[in-house]
Amino acid sequence: MSSILPPSERIWWNEPIGKQELVWIGIALIWCLIMFFMMPYWHIYGKQNLSNEAYQTTPQHFQVKVDAMVEKYKVGEEAGIPIVRPPAGSDIYMLGRLWQWYPILELEKDQSYRLHLSSMDWQHGFSLQPVNINLQIVPGYEMVVTMTPDQSGEFTVICNEYCGIGHHTMLGKIYVKEN
Amino acid sequence: MAQFRVCPDSGFYFDKSAESLIKVNAVAAVVALLVAGIMAVGVILTRWQEVHLLPADLFYQALTSHGINALLFWCIFFEIAIMYFASSTLLRTRLAAPRWAWAGFALMIIGAVMNNVAVLQGNSSVMMTSYAPMQAAPHFYLGLILFAVGALIGCFVFLGTLVIAKQDRTYEGSIPLVTFGALTACIIAVFTIASGAIILVPTFLWSIGYINSIDAEMYRIIWWAMGHSSQQINVAAHVSIWYLIVGVLFGARPMSEKVSRSAFLLYILFLQLASAHHILVDPGISSEWKVFNTSYAMYLAVLASMIHGLTVPGSMEIAQRAKGFTKGLFEWLRKAPWGNPVFSGFFLSLIIFGFIGGITGVVMGTEQINLIIHNTIYVPAHFHATVAVGTTLAFMALTYLLIPVLFRRALFLPWVAKMQPYVFSAGMTLMILFMLGAGTLGVSRRHWDMDFTGAALSFEYPGTAYTMMAVAGVGGVLAILGGAMYLVVTVGSLLFGKKLDEAAGLLQSFGVPMSAENYNISQPERLMMAPKLAVEEHGSGGFEAPGTFALAMTLMVCFVVYYFINWDYLASVWPLS
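First to last, the sequence lines map onto chains G and X. Residues 237 to 415 (our numbering) make up the first sequence, in order. Residues 539 to 1115 (our numbering) make up the second sequence, in order.
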């Protein structure tokens, strides 16, 4: 019963380690290092990396930028929310607030956009479905992600950070058109 | 003057004040589990979309209560009991400052009740995480703060008890491995509670209007230094229990004291870095920081868990082989006491924690892979494998040992106890696997309605997602049944269990007929001497525990395959930079 008793050998740190444990520790350590180096590897060779670009902001400041984009590039409306078609390669904006993603974006396939995201009030979760890209949207911070839609069709932004009683009604849209 | 009782069956020494404190903390833990279990009914039956039991407000309220009672109150009350047991009982010494220990317990109770009242009043449905700037009632935060202060006092009582044992020379040489593991848990707990104070005290002041605002990102970073670390207390505690159970049931000695203790040391050094897992897709945090922290500095804490995963069953295998169960790779395991809930609970906890909890945790904690998993229902699936099976089932298994040893009662309805670990872990595993699947399809966690009723826009999940959530619902109901069986046995034993006045033989008290030699509860006098198990070569190829090694390699293969499957999945989503 020695795991509940003091070690039988007082100088336990000098006892040799069994072969089996050494082999396992070796295998496990190699695996740990492989997993560690996969992350920097993907930063260099992989295509899905989150940028480190972010700015502190305020809801008022962010709203001004969103409104400017909406005014300039509005092409329609759906369920009272403007649909915006900004030029390929430009800076585009989406805000989360109780309980809506605003505005609806219309993008071109295989074009890159600098998507700016922030929250007007509480924390929200930007969950793009059915692609399944998930980002945390935090009030006071403006996150900039360069996104390249490589599929066309209708995509939905679900809020996946709990934001109160209407959380489940918080949906947004991104439409991707073939060029 | 301290008074002692010696358990005639197990030979454990109980200091009277420690004994009472272990009992009350364990009972408080079980009450918290009861509340968490009741709330779980509402949560799982609402997420099962075809049932959709609760309205939105009650659902979020139940989810908040379920999370806090299960993850904080159940686990930490039980861990305080374990710390007192691992210090006072295993070192055969009096408990330091029992009055402080009682004061700490009182604070924990007051805090837990206050927090529960706040949640039940309905204006604090903010989830366990209570992310600012969403605000709860002031007594929600105050309750947590008082609970944490009480737990901190418990930690210092534990440390004080170690000092007393050392001074009084109640043991020779180093503290036992299990106590060492409890010490690891205690050190992590102190770090956890300090982080909790740093974030919850200002948040409390904000809730009563003394502070203007709380930065939402700062809140997340520091809150998770508490939130995730508190689950690391659980890991250290339940790994210690695994060692305790193989020691008590099989007379197993650690394969190597040095290796097992070094693994605990790696926990102390690196485990808390994993708080970063929660902020991998947050704004404003650099990739370098994420990569270093999310990997526990090159996965050194994962290495530690993989070591425990080998040495715990390995030491059991060696002890079993020494008793003659040497046929093939797995006779030692086949001939284990599967009808004894202490064993089955422990072993299922180990397997499910390792194969499901461990692997999914590392995968979703990978910086880039987190993009396809963050805040989906994959996340609660992972932590149900670690906490609800790994920790909770280990605690349940220990309870079945403590009822006769500590409370001196025979198990009530032993056949229920015998089935309980199987029912509970089967239900949990079913729920977990299908929640993992639903998460991969993008189903959100903490979400009342996957039909999005009332939304201006619309979205439909694929039919498979609904099927998966329904199967998860069935699994969840089964798991709740397993939890209820535990509560019936535990509460029933304390109220109606046959009193054990004299040495009854633990075999009988479990109601499990078993041959004495494969159930190795030692006599009091045997406890006094250090066991010297002959280190004979029973294995093959110089491997003392070849069966365990085969299990470990199976784990490794699953791990590698699943890891790269997820990279492949990530590579298929829209390019981001």
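There may be inaccurate statements among the hints.
A partial selection of chain X residues facing chain G, derived with a Cβ cut-off under 7 Å [said to hold, decoys possible]:
1) Gly580
2) Pro636
3) Tyr669
4) Pro671
5) Glu710
6) Tyr748
7) Asn750
8) Ile752
9) Ala754
10) Pro792
Bear in mind the hints are in silico, worked out from the structure with no lab data behind them. Note that the Cβ used here is the ideal one computed from N, Cα and C, for glycine as well.
Checked hints:
1. The interface hint given for Gly580(X) is violated, since its Cβ lies 16 Å from the closest Cβ of chain G, which is over the 7 Å cut-off.
2. Among the interface hints, the one on Pro636(X) is violated; its C-beta lies about 22 Å from the nearest C-beta in chain G, farther than the 7 Å criterion.
3. Checking Tyr669(X) against chain G by beta carbon gives a least distance of about 5 Å; that is within 7 Å, so the hint holds.
4. Using the Cβ-Cβ criterion of 7 Å, the hint placing Pro671(X) at the interface with chain G is satisfied: the shortest such distance is roughly 6 Å.
5. For the restraint placing Glu710(X) at the interface with chain G, the shortest Cβ-Cβ distance is roughly 6 Å, inside the 7 Å limit, so the hint holds.
6. Hint on Tyr748(X) is violated. Least Cβ distance to chain G is approximately 20 Å, over the 7 Å limit.
7. Below 7 Å, beta-carbon pairs count as interface contacts, and Asn750(X) has none with chain G, the closest being about 13 Å; its hint is therefore violated.
8. Because the smallest distance between the Cβ of Ile752(X) and any Cβ of chain G comes to about 10 Å, over 7 Å, the interface hint for this residue is violated.
9. Given hint, Ala754(X) at the interface with chain G, holds; its Cβ is 5 Å from that chain's nearest Cβ, closer than 7 Å.
10. Checking Pro792(X) against chain G: minimum C-beta separation of about 6 Å stays under 7 Å; hint holds.
The structure fails to meet hints 1, 2, 6, 7 and 8 from the earlier list, while all remaining hints are met.
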